[in-house]
Amino acid sequence: MAARYAYRKYDFIKVFNDNYDMVFNVCLRICCNYHTAQDISQDVFLKVHKNLSGFNEESGISTWIYRIAVNTCIDHVRREKKWYTQIRNLFLERNEPSGRFENEVFLKDAGMKILKEMEPNYRAILTLKHYAGFDYREIAQIMNTTEATIGVQLHRARKQAKDIAVRGGIEL
Amino acid sequence: MNCKDMKDRIPLMISYYIDREMPEHESEEFEKHLSECPSCWKMLEETRRIGGALVRTPRISGNPGETLDKMRQRKKWWNSPIPFRPRKWVYAGMFAALIALLFVNLIPPGYFDSKQVAVNQPSYTTSPGPGGKQSGIGPGLPFSGSGGNAASTPTPSPSDAEIRTAQASPEPGGIPDEDSVTYNIKLNESEYEVNISGQETQLVSLEIKEGDKEIWMDLEGTQPEKNSEK
Ligand SMILES: [Zn+2]
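Keeping their order, the protein sequence lines are chains X and A. Just so it is clear: in the first sequence, position 92 is 92 by the working numbering, and no numbers are missing. Just so it is clear: in the second sequence, position 34 is 34 by the working numbering, and no numbers are missing.
Keep in mind that the hints are not guaranteed to be accurate.
[Claimed, not checked] Heads up, simulated SDA-like pairs for lysine to any residue below, C-alpha to C-alpha not over 25 angstroms straight-line: (1) A/Lys32 to A/Ile60; (2) X/Lys113 to A/Arg59; (3) X/Lys162 to A/Ser61; (4) X/Lys159 to A/Ser61; (5) X/Lys113 to A/Ser61; (6) A/Lys42 to X/Ile68; (7) X/Lys159 to A/Asp5; (8) X/Lys47 to X/Met143; (9) X/Lys113 to X/Arg78; (10) X/Lys47 to X/Lys113; (11) A/Lys42 to X/Lys47; (12) X/Lys159 to X/Met143; (13) X/Lys108 to X/Ile61; (14) X/Lys113 to A/Cys3; (15) A/Lys32 to A/Lys42; (16) X/Lys50 to X/Ile13; (17) X/Lys162 to A/Asp8; (18) X/Lys116 to A/Ser35; (19) A/Lys7 to X/Ile13; (20) X/Lys50 to X/Lys108; (21) A/Lys7 to X/Gln153; (22) X/Lys47 to A/Ile18; (23) X/Lys113 to A/Glu46; (24) X/Lys116 to A/Ser27; (25) A/Lys42 to A/Gly52; (26) X/Lys116 to A/Arg59; (27) X/Lys50 to X/Phe12.
[As the list claims (entries may be wrong)] So the derived list for chain X, only partly shown, Cβ under 7 angstroms to chain A, looks like this: (28) Phe12; (29) Phe55; (30) Gly111; (31) Phe134; (32) Ala140; (33) Leu154; (34) Arg158; (35) Lys162.
[Claimed, not checked] Stretch by stretch, here's where chain X covers chain A in the computed footprint (C-beta under 8 angstroms, at least three residues): (36) 1-9; (37) 16-22; (38) 38-49.
Derived by calculation from the structure, the hints in this document are not laboratory data. We treat Cβ as the ideally placed atom computed from N, Cα and C, and that holds for glycine.
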């Protein structure tokens, strides 16, 4: 029993170290907030830890983790009670000023200004394409849909992104 | 190829072309057209610029050590993975912790110098929503180490504060979709009442009362000099 835990812990730490950066940055782009991204990353790795022993997908572990990250973020953004999050982040910013700085710098970026105005689903697809650099087949695997759907959604997301940039006067 | 006949399809084709997902023979033909057609070329450039902006979004290193520490602090979880608590519980616990932090922040410096201040585990009593079933949130959700996001809230410095949830409606035990939450907080001798109300997407008000005296805090985290008037 002890050996099993030890093995799993070791395994988990490696998985964590290999994937944290990617998970955190994907969460940042879908949640569009530094503190939220930190919380959600933790949630993601809790789920990873919980299911790691039973993991046996052919797609590979990083695809699996991307899927957990994307789903957790989209789910969060959709259910987020904005007024509550406002208060919450206010406190976190007061208590972690460094995070506030990171967040402000981050949200000044042109790409982030665009993402922030989008549906979480589009944020996810654009992030997987442009930040993570996946092809349609891989994105389809992560988002559990077909390549054709991804093709159409990416095109729509780009169209929306263009509109947002024009409307908001965002220089690209 | 005449792009005027397939105007609706061009943006989709550009999208596929940029991503190199277009079959090779089509891709060659389309490339030829792009080099000859200024309007399609312009659209291609615009689409590329969007992609470029997204590629250039800054990579931030986050704080892996802190995340791992927070996970580790939850010893019980670490040693034997337990199922997640329902999220709304977690939120309620975190929310109460934030309220506590609010108070720690509002107390003037030096106020607690003579006394050690610690925030105890809150006890919750929740009133059932209209027609909703009673689902008390259960005693003593600790501020940290209970699951989900709760641990991410920094535990305030030691205090004797006692926090009671007087009312949480309409969603028992959760952050309500709308309406308001009232927390009664006892800090040493003083009783505070915190009333937070909002709707689905908007915080409507945040009111804090010490007895009859109103202390108020706006969303920028500044404290007005005089008491707010409704
Ligand atoms: Zn053309």
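Hints and how they fare:
{"no.": "1", "hint": "A/Lys32 to A/Ile60", "in the structure": "40 angstroms, violated"}
{"no.": "2", "hint": "X/Lys113 to A/Arg59", "in the structure": "15 angstroms, holds"}
{"no.": "3", "hint": "X/Lys162 to A/Ser61", "in the structure": "28 angstroms, violated"}
{"no.": "4", "hint": "X/Lys159 to A/Ser61", "in the structure": "30 angstroms, violated"}
{"no.": "5", "hint": "X/Lys113 to A/Ser61", "in the structure": "20 angstroms, holds"}
{"no.": "6", "hint": "A/Lys42 to X/Ile68", "in the structure": "37 angstroms, violated"}
{"no.": "7", "hint": "X/Lys159 to A/Asp5", "in the structure": "20 angstroms, holds"}
{"no.": "8", "hint": "X/Lys47 to X/Met143", "in the structure": "17 angstroms, holds"}
{"no.": "9", "hint": "X/Lys113 to X/Arg78", "in the structure": "19 angstroms, holds"}
{"no.": "10", "hint": "X/Lys47 to X/Lys113", "in the structure": "29 angstroms, violated"}
{"no.": "11", "hint": "A/Lys42 to X/Lys47", "in the structure": "45 angstroms, violated"}
{"no.": "12", "hint": "X/Lys159 to X/Met143", "in the structure": "20 angstroms, holds"}
{"no.": "13", "hint": "X/Lys108 to X/Ile61", "in the structure": "33 angstroms, violated"}
{"no.": "14", "hint": "X/Lys113 to A/Cys3", "in the structure": "32 angstroms, violated"}
{"no.": "15", "hint": "A/Lys32 to A/Lys42", "in the structure": "14 angstroms, holds"}
{"no.": "16", "hint": "X/Lys50 to X/Ile13", "in the structure": "13 angstroms, holds"}
{"no.": "17", "hint": "X/Lys162 to A/Asp8", "in the structure": "16 angstroms, holds"}
{"no.": "18", "hint": "X/Lys116 to A/Ser35", "in the structure": "34 angstroms, violated"}
{"no.": "19", "hint": "A/Lys7 to X/Ile13", "in the structure": "52 angstroms, violated"}
{"no.": "20", "hint": "X/Lys50 to X/Lys108", "in the structure": "36 angstroms, violated"}
{"no.": "21", "hint": "A/Lys7 to X/Gln153", "in the structure": "18 angstroms, holds"}
{"no.": "22", "hint": "X/Lys47 to A/Ile18", "in the structure": "35 angstroms, violated"}
{"no.": "23", "hint": "X/Lys113 to A/Glu46", "in the structure": "17 angstroms, holds"}
{"no.": "24", "hint": "X/Lys116 to A/Ser27", "in the structure": "33 angstroms, violated"}
{"no.": "25", "hint": "A/Lys42 to A/Gly52", "in the structure": "15 angstroms, holds"}
{"no.": "26", "hint": "X/Lys116 to A/Arg59", "in the structure": "16 angstroms, holds"}
{"no.": "27", "hint": "X/Lys50 to X/Phe12", "in the structure": "10 angstroms, holds"}
{"no.": "28", "hint": "Phe12", "in the structure": "9 angstroms, violated"}
{"no.": "29", "hint": "Phe55", "in the structure": "13 angstroms, violated"}
{"no.": "30", "hint": "Gly111", "in the structure": "4 angstroms, holds"}
{"no.": "31", "hint": "Phe134", "in the structure": "10 angstroms, violated"}
{"no.": "32", "hint": "Ala140", "in the structure": "11 angstroms, violated"}
{"no.": "33", "hint": "Leu154", "in the structure": "6 angstroms, holds"}
{"no.": "34", "hint": "Arg158", "in the structure": "5 angstroms, holds"}
{"no.": "35", "hint": "Lys162", "in the structure": "6 angstroms, holds"}
{"no.": "36", "hint": "1-9", "in the structure": "violated (count 0)"}
{"no.": "37", "hint": "16-22", "in the structure": "holds (count 4)"}
{"no.": "38", "hint": "38-49", "in the structure": "holds (count 3)"}
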